[in-house]
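A.B. asks: One-letter residues, chain by chain:
There are 4 protein chains.
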Amino acid sequence: MTLRIGMIGPGGMGKAHIERIHTVISGGRVVAVSDVNPDNAKAVAEQIDGTAYATSAELINSPDVDAIMIASYGPAHKPDVIAAIEAGKYVFCEKPLAPTAAECEEIMAAEQKAGKKLVTVGFMRRFDASYREMKKILDDGEVGEALMVHCAHRNPTVPEMYTWDMAINDTAIHEIDTMRWLLGEEFVSARVDKPKKTSLRFEHLQDPLVLILTSESGVRVDDEVFVNCQYGYDIQCELVAEQGVVRLGDQELVHRADKLGRRNRLTMDHNQRFGQAFVTEVQEWITAVSQDRHTGSDSWDGYAAAVVCDAGVAALTADGEVPITMIERPALYA
Amino acid sequence: MTLRIGMIGPGGMGKAHIERIHTVISGGRVVAVSDVNPDNAKAVAEQIDGTAYATSAELINSPDVDAIMIASYGPAHKPDVIAAIEAGKYVFCEKPLAPTAAECEEIMAAEQKAGKKLVTVGFMRRFDASYREMKKILDDGEVGEALMVHCAHRNPTVPEMYTWDMAINDTAIHEIDTMRWLLGEEFVSARVDKPKKTSLRFEHLQDPLVLILTSESGVRVDDEVFVNCQYGYDIQCELVAEQGVVRLGDQELVHRADKLGRRNRLTMDHNQRFGQAFVTEVQEWITAVSQDRHTGSDSWDGYAAAVVCDAGVAALTADGEVPITMIERPALYA
Amino acid sequence: MTLRIGMIGPGGMGKAHIERIHTVISGGRVVAVSDVNPDNAKAVAEQIDGTAYATSAELINSPDVDAIMIASYGPAHKPDVIAAIEAGKYVFCEKPLAPTAAECEEIMAAEQKAGKKLVTVGFMRRFDASYREMKKILDDGEVGEALMVHCAHRNPTVPEMYTWDMAINDTAIHEIDTMRWLLGEEFVSARVDKPKKTSLRFEHLQDPLVLILTSESGVRVDDEVFVNCQYGYDIQCELVAEQGVVRLGDQELVHRADKLGRRNRLTMDHNQRFGQAFVTEVQEWITAVSQDRHTGSDSWDGYAAAVVCDAGVAALTADGEVPITMIERPALYA
Amino acid sequence: MTLRIGMIGPGGMGKAHIERIHTVISGGRVVAVSDVNPDNAKAVAEQIDGTAYATSAELINSPDVDAIMIASYGPAHKPDVIAAIEAGKYVFCEKPLAPTAAECEEIMAAEQKAGKKLVTVGFMRRFDASYREMKKILDDGEVGEALMVHCAHRNPTVPEMYTWDMAINDTAIHEIDTMRWLLGEEFVSARVDKPKKTSLRFEHLQDPLVLILTSESGVRVDDEVFVNCQYGYDIQCELVAEQGVVRLGDQELVHRADKLGRRNRLTMDHNQRFGQAFVTEVQEWITAVSQDRHTGSDSWDGYAAAVVCDAGVAALTADGEVPITMIERPALYA
Ligand SMILES: [Mg+2]
Ligand SMILES: [Mg+2]
Ligand SMILES: [Mg+2]
Ligand SMILES: [Mg+2]
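Residue numbers (the UniProt record's numbering), protein chains in the order written: chain A, 1 to 334; chain B, 1 to 334; chain C, 1 to 334; chain D, 1 to 334.
Hints are computed from structural coordinates only; laboratory data are not their basis.
Being a predicted model, the structure only gives us computed values, none of them experimental.
Treat each hint with caution, since some may be false.
Put simply, identical chains are the same to the list, so a pair is met inside one copy or across any two.
[As the list claims (entries may be wrong)] With a straight-line Cα cutoff of 20 Å, these simulated SDA-like cross-link-like pairs (lysine to any residue) come out:
(1) 194 - 217
(2) 117 - 164
(3) 194 - 212
(4) 196 - 268
(5) 89 - 174
(6) 15 - 269
(7) 197 - 243
(8) 113 - 205
(9) 117 - 319
(10) 116 - 322
(11) 136 - 260
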């Protein structure tokens with residue numbers, strides 16, 4: 001009755017998923033682990049009283065594993081996702097599904113061959129209660145049609161290894177997926193604006209930057225990416241529609257008044273801000289898989305994010321807009 | 001490894017607990033049911049593929065049941081709680097622990113004889129993230145000592161069967177427990193003020209009323225109980241301390257601006273407002289019991305709530321303050 | 001065309017009124033000054049290029065003075081107010097109208113003899129845009145009838161000379177007047193609750209305290225008076241009505257997010273918080289007087305405040321409620 | 001001692017200024033009027049008991065007029081402003097100073113010849129308490145250097161005669177001036193993005209649009225102009241700086257909770273939102289002029305706004321960025 005999960009590549013995110021599954025989520029258990037570093041696999045397996053497999057292929061094909069979670073390095077995702085599909089097992093793959101659109105297409109080909117959606121991509125914001133409420137208000141027609149969305153993605157700081165393209169591929173990718181989901185349409189062009197740089201960053205980085213996306217119907221999304229804003233992990237989103245605007249709430253637990261003013265604490269990282277979204281995401285996946293249902297983002301979402309990210313990265317050095325072209329959407333993902 | 005739980009008296013609250021345990025909580029499963037109405041026991045048992053017991057005593061003493069949850073009618077709690085204690089099993093009992101202080105004393109006597117805290121009373125607000133943040137700020141000394149707390153407990157409406165004493169025993173009891181926990185001290189007196197009555201209520205009811213409690217150290221707590229406020233389920237709490245004040249946040253998921261102004265939705269009942277607190281409460285209980293640890297409110301908390309409620313009810317018709325006297329706190333609950 | 005105003009007793013408040021009248025208010029000018037300290041009168045007169053009078057009586061009766069403002073010490077108010085009435089001149093008297101109800105009655109007697117409302121008492125909150133909006137919502141019937149009002153009057157600190165009765169006579173008097181005006185009825189009883197004292201105060205003072213007033217129709221007003229709250233000048237007011245609640249807004253000019261959280265500055269004194277209300281108050285008075293109209297609080301309001309303050313002071317040492325009895329309201333003030 | 005003001009072209013804005021000056025502003029009086037429509041001049045003059053002049057030139061040169069206010073149609077401004085300068089009189093000119101940069105240059109030439117700043121342009125937001133607080137925080141270095149500003153300028157609706165260029169020349173011009181003032185630098189390029197159009201507008205209009213400006217130091221300002229947003233007059237501004245962000249506050253007088261949620265009213269037009277800013281603007285001008293001082297926006301500000309508006313209008317139909325080139329700043333405006 002308990003879903004037996006095999007975890008591939010448990011680093012920080014994978015271990016956090018294990019912790020969640022074992023302490024605050026119903027219906028699943030991580031029973032198997034594999035890792036490019038066998039010592040890590042062994043250590044994690046020991047902690048959870050599970051089995052360490054020598055290779056991800058063995059783990060995927062083990063009869064003792066019902067479903068797969070992939071938390072390895074992005075470039076390693078493709079073969080494991082495809083192997084899981086070929087084994088007929090549901091697979092939860094952390095974002096990105098794969099670093100290139102071409103790899104995502106291969107995954108979709110395998111999935112279409114299997115004739116069934118098995119892949120869920122780990123875009124957790126779709127599970128955040130505030131974003132969900134925003135989408136519900138929009139979908140219920142309470143504010144008319146969407147015209148614009150103003151997003152901001154702010155992190156206190158990033159380390160020196162954070163390079164320019166990561167602003168798109170690792171940071172803005174969250175807004176890219178969330179906006180596709182919120183609006184229910186694809187993007188057709190990307191542009192990047194480069195404001196004055198903060199002095200509080202490593203020299204090589206353009207920070208902040210603004211990614212501007214246009215959707216099929218013309219909705220304009222701007223996403224301020226500012227990863228050295230110093231003050232907090234601050235995720236803003238304001239939907240501007242024909243008859244009203246909707247913003248994410250303040251996420252404040254309490255507010256206080258003291259000598260520093262009337263104030264509330266800000267979250268400092270994505271675990272604080274989206275901790276509950278991660279729990280809901282994995283819970284809904286385990287529940288769905290246990291009932292042989294797909295849930296959450298699918299391979300097409302992974303592909304679309306990859307395509308938009310490619311355009312966004314191109315826009316970093318392009319002059320003006322970069323068009324976004326996608327393959328036709330396969331029927332499986334209609 | 002999964003905690004096997006026996007549920008006594010599954011009405012609305014009990015069924016909600018079962019639903020939570022089976023869908024979004026880790027480590028437990030309700031496997032047994034009993035009810036004064038055997039048909040209800042049978043129906044619920046069937047739904048969860050569990051066993052219906054003819055009596056609560058049989059359920060409690062079954063070797064197939066590790067821990068007990070009691071969600072029956074308050075007056076029925078005592079014998080079951082004591083039976084669970086005598087069986088050496090952890091028991092989660094919905095509030096009130098028992099309707100009278102005398103019964104709570106009997107429970108404490110049994111528990112002291114067992115020499116171990118086994119009873120948890122279902123006061124869920126202690127598990128609400130906002131109240132917890134407030135308590136942390138106070139306990140960390142960030143605002144100095146508490147001097148006053150202003151509470152409001154507002155419900156949209158109540159049915160005709162809601163009587164005056166229920167304003168204390170069913171409604172204000174939440175603030176009574178939460179304030180004891182927040183302040184870490186007992187109350188020594190209660191008074192009830194009776195404002196102008198709303199016309200939008202059944203004739204027999206004093207609504208709103210204000211319960212005023214004084215703690216051992218002199219902290220003054222006022223609790224506005226207004227159960228026909230029409231507009232929402234609105235739980236307010238403002239802690240006034242020596243160097244600052246702390247309030248519960250707005251609990252808004254999003255806010256919007258439209259023709260009705262800048263606004264956010266209000267919760268309409270305790271399940272909406274405290275849904276996550278209920279989950280956390282039961283999760284923490286299952287986790288603790290699985291590790292043979294007590295967690296949450298204990299029998300002393302149940303006793304103290306009963307005593308303060310008695311004083312509150314007396315204050316409904318008394319002129320002025322009603323003193324609150326408790327027995328000496330047994331060492332087990334120190 | 002310019003209203004020629006004579007100012008009696010220009011201390012801090014009087015000078016602030018002069019400054020306002022001469023720099024940001026239309027239609028008036030302070031042309032004459034008197035003071036128990038003739039040097040002060042001379043100094044102020046010189047600054048404004050006006051005339052210093054040896055006595056307030058001479059100032060009041062001067063043909064060069066159209067209207068009177070009294071900003072002297074409260075115990076000195078009565079004879080000057082009466083002299084102004086007898087001279088047939090409009091008079092703006094800072095609160096309190098007079099320290100005792102008996103003196104206020106003498107003033108009302110003089111005014112009734114004059115047959116015309118000439119006296120305005122300086123209760124500036126009636127001119128605050130937020131309180132006015134609250135009153136408009138109530139008067140327009142948008143939230144049904146008022147049932148309770150929760151007020152808080154918090155100051156950062158007070159000096160050692162601030163005595164207990166001043167918590168009523170100087171501090172709570174603002175809520176007393178504002179609530180009479182908001183609710184449109186009189187209070188019939190007063191009680192004072194004494195919470196735990198802050199350690200950050202002079203030893204002789206009960207701080208905070210809570211004044212509880214009941215109106216004719218049963219509306220319950222509580223007013224937390226906390227004059228050493230450390231963190232700001234924080235005026236709170238929440239009206240609880242049958243179909244909704246209304247609170248004063250945050251008064252924030254901007255809010256910011258930085259390392260201290262998401263926050264806005266608090267006002268630190270009544271000039272910051274009610275600066276615009278003072279301007280509006282005096283502007284409306286000058287405009288009205290120039291048109292031979294009365295405006296603002298009248299002598300009855302001054303009397304009623306004095307009676308309620310007396311009860312409040314009695315309640316400081318009384319056990320329980322102190323009844324409030326007023327004379328019948330003269331027709332002039334109907 | 002009272003500043004005698006001559007008003008040219010009193011339409012809606014001019015009459016509002018007269019009303020303010022005569023009822024809530026100190027130190028000035030409108031004593032003379034002229035208008036292209038002599039009947040209007042006569043009617044207004046009668047109301048204020050002043051003199052109607054046949055031409056603006058006569059009004060400007062009258063010895064009975066100390067200072068000039070121009071509230072006529074923008075294309076008519078230039079000759080009157082120059083005449084006032086040549087008469088050596090201070091002149092308050094409603095925005096725009098003149099519709100073209102060339103005309104503004106003529107005005108600056110005249111003013112330089114006069115050797116003294118005499119012209120104030122009516123950009124009232126510089127006098128809004130919230131914008132001023134934002135600027136103070138920035139200028140005080142509390143949040144580091146400015147990097148970006150996100151603005152929104154939303155109106156409920158506009159009439160059919162509102163054309164596309166007005167979105168820049170009449171609407172965005174406010175942000176153009178306010179951002180120049182806030183940042184203390186000039187803009188070097190403009191671009192316009194065209195989101196999906198709202199269906200709730202006249203067909204000919206692109207609404208909303210986003211104007212993007214870049215300053216000399218690289219600060220990026222985006223200004224969402226949405227003049228048929230339906231729900232209110234909503235002016236948003238968020239300054240993103242190196243160490244924190246600052247936003248305009250909510251401008252709420254009260255907030256309430258009722259069946260529609262927790263909410264506060266929005267302002268519905270610029271008079272509601274900026275009513276006090278208008279008063280402060282005119283008061284400060286009258287006070288300054290009475291002391292022979294210049295205050296507020298000067299001719300250079302009027303010129304710069306015109307140049308940026310020209311670029312903004314060009315950007316409406318251009319592909320990509322339009323560069324902004326200004327003449328060298330004359331020493332008089334340094
Ligand atoms: Mg994720
Ligand atoms: Mg409970
Ligand atoms: Mg006053
Ligand atoms: Mg203007």
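A.B. asks: Evaluate each hint against the coordinates.
C.D. replies: Structure-based check of all given hints:
1. 194 - 217: Intra 26 Å, inter 12 Å, cutoff 20 Å: inter-copy only.
2. 117 - 164: neither (33 Å within a copy, 48 Å between copies)
3. 194 - 212: For residue 194 and residue 212, the Cα distance is within 20 Å both inside one copy (11 Å) and across copies (12 Å).
4. 196 - 268: neither (24 Å within a copy, 34 Å between copies)
5. 89 - 174: Cα proximity of residue 89 and residue 174: none, with 26 Å in one copy and 47 Å across.
6. 15 - 269: within (17 Å within a copy, 36 Å between copies)
7. 197 - 243: between (35 Å within a copy, 12 Å between copies)
8. 113 - 205: Close neither inside one copy (42 Å) nor across copies (49 Å); limit 20 Å.
9. 117 - 319: neither (39 Å within a copy, 42 Å between copies)
10. 116 - 322: neither (33 Å within a copy, 51 Å between copies)
11. 136 - 260: Answer is between; shortest inter-copy Cα gap is 17 Å, intra-copy 36 Å.
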